[in-house]
Amino acid sequence: MAKIFKIFIFLILFSILFTPLFKIFSQEEPLCQTREECEALLKKYEEEIKKYEERIEKTEKEKKTLQNQISLLKQKIEKLKLEIEQSNIMIRDVSLQIKDTQQSIEKTSQKIEDQKRKLGEILRTIYEMDKKSFIEILLSEKTLAGFFDNLMYLEVLNSKTQDLLNVVKNLKSSLEDQKMVLEREKENLEKILKMQILQKQESENLKKEKEYLSKLTEAQYQKLLTEKKEIEKEAAKIRARIFELIGVPQAPTFGEAYELAKYVEKITGVRPAFLLAVLTQESNIGKNVGQCFLKDPKTGQGIRVSNGEKVDRVMNPIRDVPHFLAITKELGRDPFNTLVSCPIPSLGGWGGAMGPAQFIPSTWIKYKERVKQITGSADPWNIKDAFVAAALYLADYGAAKRTYDAEWKAAMIYFSGTTDSRYSFYGNSVMAIAKGYEEDIKILEKSMTFQEQKLFSLNFHPLFLQCHKSSFLSCDL
Numbered sequence: 001m002a003k004i005f006k007i008f009i010f011l012i013l014f015s016i017l018f019t020p021l022f023k024i025f026s027q028e029e030p031l032c033q034t035r036e037e038c039e040a041l042l043k044k045y046e047e048e049i050k051k052y053e054e055r056i057e058k059t060e061k062e063k064k065t066l067q068n069q070i071s072l073l074k075q076k077i078e079k080l081k082l083e084i085e086q087s088n089i090m091i092r093d094v095s096l097q098i099k100d101t102q103q104s105i106e107k108t109s110q111k112i113e114d115q116k117r118k119l120g121e122i123l124r125t126i127y128e129m130d131k132k133s134f135i136e137i138l139l140s141e142k143t144l145a146g147f148f149d150n151l152m153y154l155e156v157l158n159s160k161t162q163d164l165l166n167v168v169k170n171l172k173s174s175l176e177d178q179k180m181v182l183e184r185e186k187e188n189l190e191k192i193l194k195m196q197i198l199q200k201q202e203s204e205n206l207k208k209e210k211e212y213l214s215k216l217t218e219a220q221y222q223k224l225l226t227e228k229k230e231i232e233k234e235a236a237k238i239r240a241r242i243f244e245l246i247g248v249p250q251a252p253t254f255g256e257a258y259e260l261a262k263y264v265e266k267i268t269g270v271r272p273a274f275l276l277a278v279l280t281q282e283s284n285i286g287k288n289v290g291q292c293f294l295k296d297p298k299t300g301q302g303i304r305v306s307n308g309e310k311v312d313r314v315m316n317p318i319r320d321v322p323h324f325l326a327i328t329k330e331l332g333r334d335p336f337n338t339l340v341s342c343p344i345p346s347l348g349g350w351g352g353a354m355g356p357a358q359f360i361p362s363t364w365i366k367y368k369e370r371v372k373q374i375t376g377s378a379d380p381w382n383i384k385d386a387f388v389a390a391a392l393y394l395a396d397y398g399a400a401k402r403t404y405d406a407e408w409k410a411a412m413i414y415f416s417g418t419t420d421s422r423y424s425f426y427g428n429s430v431m432a433i434a435k436g437y438e439e440d441i442k443i444l445e446k447s448m449t450f451q452e453q454k455l456f457s458l459n460f461h462p463l464f465l466q467c468h469k470s471s472f473l474s475c476d477l
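Residue 334 in my numbering sits at position 334 of the sequence shown, with consecutive numbering throughout.
To be clear, the hints were calculated from the coordinates, so they are not data collected in a lab.
Even glycine gets a Cβ: it sits at the ideal position worked out from N, Cα and C.
Accuracy of the hints is not assured; some may be wrong.
As the list claims (entries may be wrong) - Okay, derived cross-link-like pairs now, DSBU-like style, lysine-lysine, Cα gap no bigger than 30 Å in a straight line:
no., residue 1, residue 2
1, K207, K194
2, K79, K208
3, K401, K229
4, K266, K200
5, K366, K229
6, K186, K76
7, K329, K366
8, K200, K64
9, K51, K194
10, K74, K51
As the list claims (entries may be wrong) - Label-pair distances were calculated between CB atoms; the ranges are:
no., residue 1, residue 2, range
11, K79, S173, 50 to 56 Å
12, F425, K446, 31 to 37 Å
13, K99, M195, 42 to 48 Å
14, I267, A219, 42 to 48 Å
Please model the complete structure; the sequences and the hints are all you need to start from.
Laid out in structure tokens, this is it:
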């Protein structure tokens, strides 16, 4: 019993001492430790992805070429089938002509034989008459004139029979020539038919070869796609690691926000000053993510946090509430104690916008996976995810063109979904803030090191000293 007790104690001690080690060694090491390492690794992956895209494009062209060749070969085979059928019909037709000609030759030969026989009989009769003596002629014929009439008739008949025989012989000769021509024609057609059959067989073999190559190309294409997806997964991990290393808090300093916006620019093409201006207009870059709580999911009614006053139309119960409940559940948030924007009475409509980027739930769902691929997470209240989501949305509506008109239009759509002139105050305000930021960024980059930039707090930036009257979204909600 004591021995069993000792073993039991040993096992407990062993588990206490070595279990943490197992946990340590089982943890997956990050692919890179510093931001510089991660950016270098990401660059490498992006170059590999570009190479894969080039190879995939080349393989797609090869696939199309092979498919076109297969299609042409199919058409050629079908054409050859028709030509073979046509040749067979022509051979049958010529064969029938040869048969008819042969029958005509046989009939003509029979006629020649009949004419020869008749001619022979006439000649024998003439010969017999020539052998008769004058006395025999006088004794056998009633009159001498009758004898000469018979002899004359036989000679005329002999002459006509000779002529007819010559005509029949000529006809036979002509038919035999015609038969020879038809036989040569048939022979040529049979040669053509053989060539067509060989061409068809060759085309079918070539078609099989091309189909085999097409299958190989398709397999190679799918392999390249799979490999590209794997590289893209690794690149997504690196991007997420970079965002992790940037380490921006929920209410960033101007330097931190600008640093994040610059990185997002590389992914989306959206100008940092413009992105920061939109997020300033929406939430003062994370400082004001809303002043209401949803309380009744059936009606969308809620309360104002500052005074507990009931507020109607906090969130659209059909369009947004189901998505909001799903989002908060996934993130482990209490849906009825999570800040969202209040509705704007002067504009009508609904509130319910979430986080620094102020996405309504139904819009966030559309961008969730794209954000996750870049940052590794999808939380509308996370400042990094909000930056990326806002930039993706703005880029989708043309902000990456980086012209005044394109950015103004994208800002208008971001706010209201339209470019209705009634909401032009929003676009004008965003562009004014962006202009100010652009000037400040130039000064900032010239006069400060990166560390100094990070110390330059939004709280001390001129644009944040007080809420803009036009930036009512950041102040009154």
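Tested hints:
Of the supplied pair hints, the one linking K207 and K194 holds, its CA atoms being roughly 20 Å apart against a limit of 30 Å. Distance check on the hinted pair: K79 and K208 sit about 17 Å apart at the alpha-carbon level, within 30 Å; holds. Restraint check: the Cα-Cα separation between K401 and K229 comes to about 28 Å, which is no more than 30 Å; the hinted pair holds. Between K266 and K200, the direct Cα distance comes to roughly 56 Å. Violation of the 30 Å bound is thereby established for this hinted pair.
Annotation: proposed proximity of K366 to K229 holds, straight-line Cα distance about 21 Å (limit 30 Å). Between K186 and K76 the CA atoms are separated by roughly 25 Å; this keeps the pair inside 30 Å, and the hint holds. For the proposed pair K329 and K366, the alpha carbon gap of about 17 Å is at most 30 Å, so the pair holds. A hinted pair counts as satisfied when its Cα atoms are at most 30 Å apart, and K200 with K64 qualifies at roughly 23 Å.
The suggested pairing of K51 with K194 is violated, with an alpha-carbon distance near 49 Å, which exceeds 30 Å. At roughly 34 Å between alpha-carbon atoms, K74 and K51 are farther apart than 30 Å, so this suggested pair is violated. The hinted range of 50 to 56 Å is not satisfied by K79 and S173, whose Cβ atoms lie roughly 41 Å apart. Judged by the Cβ atoms, the range 31 to 37 Å given for F425 and K446 holds: they are separated by roughly 33 Å.
Between K99 and M195 the CB atoms are about 25 Å apart, so this pair departs from the stated range of 42 to 48 Å. At about 32 Å, the CB distance of I267 to A219 disagrees with the hint of 42 to 48 Å.
When held up to the earlier numbered hints, the structure conflicts with 4, 9, 10, 11, 13, 14 and fits the remainder.
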